[in-house]
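Q: Here the protein sequences line up with chains A and B, keeping their order.
Per the numbering used here: the first sequence = residues 658 to 796.
Per the numbering used here: the second sequence = residues 1200 to 1603.
You may find that some hints are simply not true.
[To be verified] DSSO-like, lysine-lysine: derived pairs with alpha carbons at most 30 Å apart: (1) K1309(B) - K773(A); (2) K1201(B) - K1597(B); (3) K747(A) - K1201(B); (4) K738(A) - K773(A); (5) K1313(B) - K663(A); (6) K736(A) - K1309(B); (7) K1309(B) - K1290(B); (8) K663(A) - K1578(B); (9) K1597(B) - K782(A); (10) K773(A) - K1201(B); (11) K679(A) - K1309(B).
[As the list claims (entries may be wrong)] Short derived list, chain B residues pointing at chain A, Cβ under 10 Å: (12) E1245; (13) M1286; (14) D1340; (15) I1343; (16) M1502; (17) Y1506; (18) S1511; (19) L1513; (20) G1542; (21) V1598.
Rather than coming from a laboratory, the hints here were simulated on the basis of the structure.
The C-beta atom is built at its ideal place from N, Cα and C for all residues, glycine as well.
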Amino acid sequence: MAYSDKVLDHYNNPRNVGSLDKSSASVGTGMVGAPECGDVMKLQIRVNEENGIIEDAKFKTFGCGSAIASSSLATEWLKGKTVDEALQIKNTDIVNELSLPPVKIHCSVLAEDAIKAAISDYRNKQGVRIPVHAEQTVA
Amino acid sequence: MKTPIYLDNHATTRMDPRVLDAMLPYFTEHFGNAASRNHEFGWVAEQAVDKARKQIADLIGTTPREIIFTSGATESDNLAIKGVAEMYAEKGNHIITAATEHKAVLDTCKKLEKHGYRVTYLPLKGDGLIDLDMLRESITDKTILVTIMYANNEIGVIQPVAEIGKICRERGVLFHTDGVQAIGKVPVNVNTDNIDIMSITAHKLYGPKGVGALYVRRKNPRVQITAQMDGGGHERGMRSGTLNVPGIVGLGEACAIAQREMPQEMVRMRYLRDKLRAKLEAGLDEVYINGSMEHRLPQNLNMSFAYVEGESLLMGINDIAVSSGSACTSATLEPSYVLKALGLGDDIAHSSIRFGIGRFNTEEEIDYVAGKLIDVVKKLRELSPLYEMAKEGIDLSKVVWAAH
């Protein structure tokens, strides 16, 4: 199978590889896929709680080159966006940017799922934390 | 050293230049039809075919009259299985094969099932070998054929062919083996191995593509096969069609070279394979061999690199030609059915690489491949969330994955 130049570039020079502190309240973690399916993506965002802007994004991916490229690209796009803007990223945007062939579309779907999962995790944490703050204020 | 490096010799082999030299005169100079009995052109072609028949027969310990030429192993497998099924239909309708056979065998068996035959697909033990007791128990009075490959094309595991043949003979059942990965690589003898029918192909032993043969036993027992193509009645009526004389000459020469050089070549192949394995095991943690190391072709190594997906690994070693059992490299998006038949999880099957070492590989190439692979696996593990989790002590088998 021939890979597009952009897929090769992300594979050879993956952006934002690594991990953020998953216990931090400002970090959202999304883990999607399964080893049996041949891909697992972990995508993390760190959000500035003042302005809701994603300040940092990291990924680690077990999967084919297109899966690695999709998640690498996703972290690039996430940085600087607000959480709401990040939710607008669609798998088709990734397909177009990386020129993924039909058999690799599931890689882009996985990346979109990972973004959503990370944001959902972040929002859950915020949701849990706010009542705690409220309680503290009352006390 | 030139790149890309070819280490996919179970898929096909580079033709030996000596084979090409033997073939060349039979394209333009000696172009006769081996079936032309009444002139010099035909006689020369027939002599060349006779010589090749003898070279092939010598390699597998039989006589030239038991060699039927075909277009390759897929045709040979089809002819053997369908030909026996049709010829012995009155005796029975049951065939026994194994889960890790080549598709040319499995799909032929599936076709026969549609025509009322019953097929038993033996499971494999974890080391890739068949369970002989299970084979014994599977034979019924309706069984007409057992077809089990000599050596597997993915994991290189060599089946206990002589014992399988012995069981078949005791029970009066014919034994066919797809010998393509073993012939010319390790000693194969149809008499000591108790084989009745065997598929042969040229391109796996440094010969040309598009030519093969079928060994069909003439005595003890006399095997009969119904032809699957109608025509001029060539090859004792079992396979019609004008003989591919240059191809046959190539197959014969490839067999002669293999027979002469096998003892030294086996030692060299094993040395290179063992060196590759030792280097990879020294350079990386959590690498696993798939299939028995003891009963294995000296040319084969099949390894899984845990926490790294096969296609991404191939992408990183794009100057090395190997195969992966990963789903992403196949059209079906299913990981290797051979590895799954050994009981491997899909995750470890996705992480596998098959190395097929061949006559033209050098030690320098093996050293390069080992070094490159170690670098790429390490890089991909840095990228792998699974490796990170494993290092944190998380038992990956207990994680509930959001499967998609």
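Q: For each hint, tell me whether it holds in the structure or not.
A: Hints, one by one, checked against the model:
Of the supplied pair hints, the one linking K1309(B) and K773(A) is violated, its CA atoms being roughly 44 Å apart against a limit of 30 Å. Taken as a hint, the K1201(B) and K1597(B) pair is broken in the structure, with Cα atoms around 45 Å apart against an allowance of 30 Å. Taking the CA atoms of K747(A) and K1201(B), the gap is near 43 Å; set against the 30 Å cutoff, the hint is violated. Distance restraint check for K738(A) and K773(A): the Cα-Cα separation of roughly 14 Å lies within the 30 Å cut-off, and the hinted pair is therefore satisfied.
Simply put, K1313(B) and K663(A) have alpha-carbon atoms about 47 Å apart, too far for the 30 Å limit, and the pair is violated. Proposed proximity of K736(A) and K1309(B) is contradicted: the alpha carbons are some 54 Å apart, above 30 Å. Simply put, K1309(B) and K1290(B) have alpha-carbon atoms about 20 Å apart, close enough for the 30 Å limit, and the pair holds. At most 30 Å may separate the alpha-carbon atoms for a hinted pair to count; K663(A) and K1578(B) meet this at roughly 19 Å.
A C-alpha spacing of about 24 Å is found between K1597(B) and K782(A), which places the hinted pair at or below 30 Å, so the restraint holds. Proximity of K773(A) to K1201(B) is assessed by CA-CA distance (about 46 Å); at most 30 Å being required, the pair is judged violated. For the hint linking K679(A) to K1309(B), the alpha-carbon distance of about 51 Å lies beyond 30 Å, and the restraint is violated. The criterion of a C-beta within 10 Å of any C-beta in chain A is not met by E1245(B), whose closest approach is roughly 46 Å, and the hint is violated.
Interface hint at M1286(B): violated, since its Cβ lies 43 Å from the closest Cβ of chain A, which is beyond the 10 Å cut-off. Annotation: interface hint on D1340(B) violated; nearest CB of chain A at approximately 41 Å, more than 10 Å. Interface hint status for I1343(B): violated, as the beta-carbon distance to the closest one in chain A is roughly 38 Å, over 10 Å. Because the smallest distance between the Cβ of M1502(B) and any Cβ of chain A comes to about 17 Å, over 10 Å, the interface hint for this residue is violated.
Taking 10 Å as the C-beta cut-off, the interface hint given for Y1506(B) holds, the closest approach to chain A being about 6 Å. At about 5 Å, the closest approach between the beta carbon of S1511(B) and any beta carbon in chain A falls short of 10 Å, and the interface hint on this residue holds. Interface restraint check: L1513(B) against chain A, minimum CB-CB distance 9 Å, threshold 10 Å, status holds. Checking G1542(B) against chain A by beta carbon gives a least distance of about 14 Å; that is not within 10 Å, so the hint is violated.
Restraint check, V1598(B) versus chain A: the minimum CB separation of about 9 Å is within 10 Å; hint holds.
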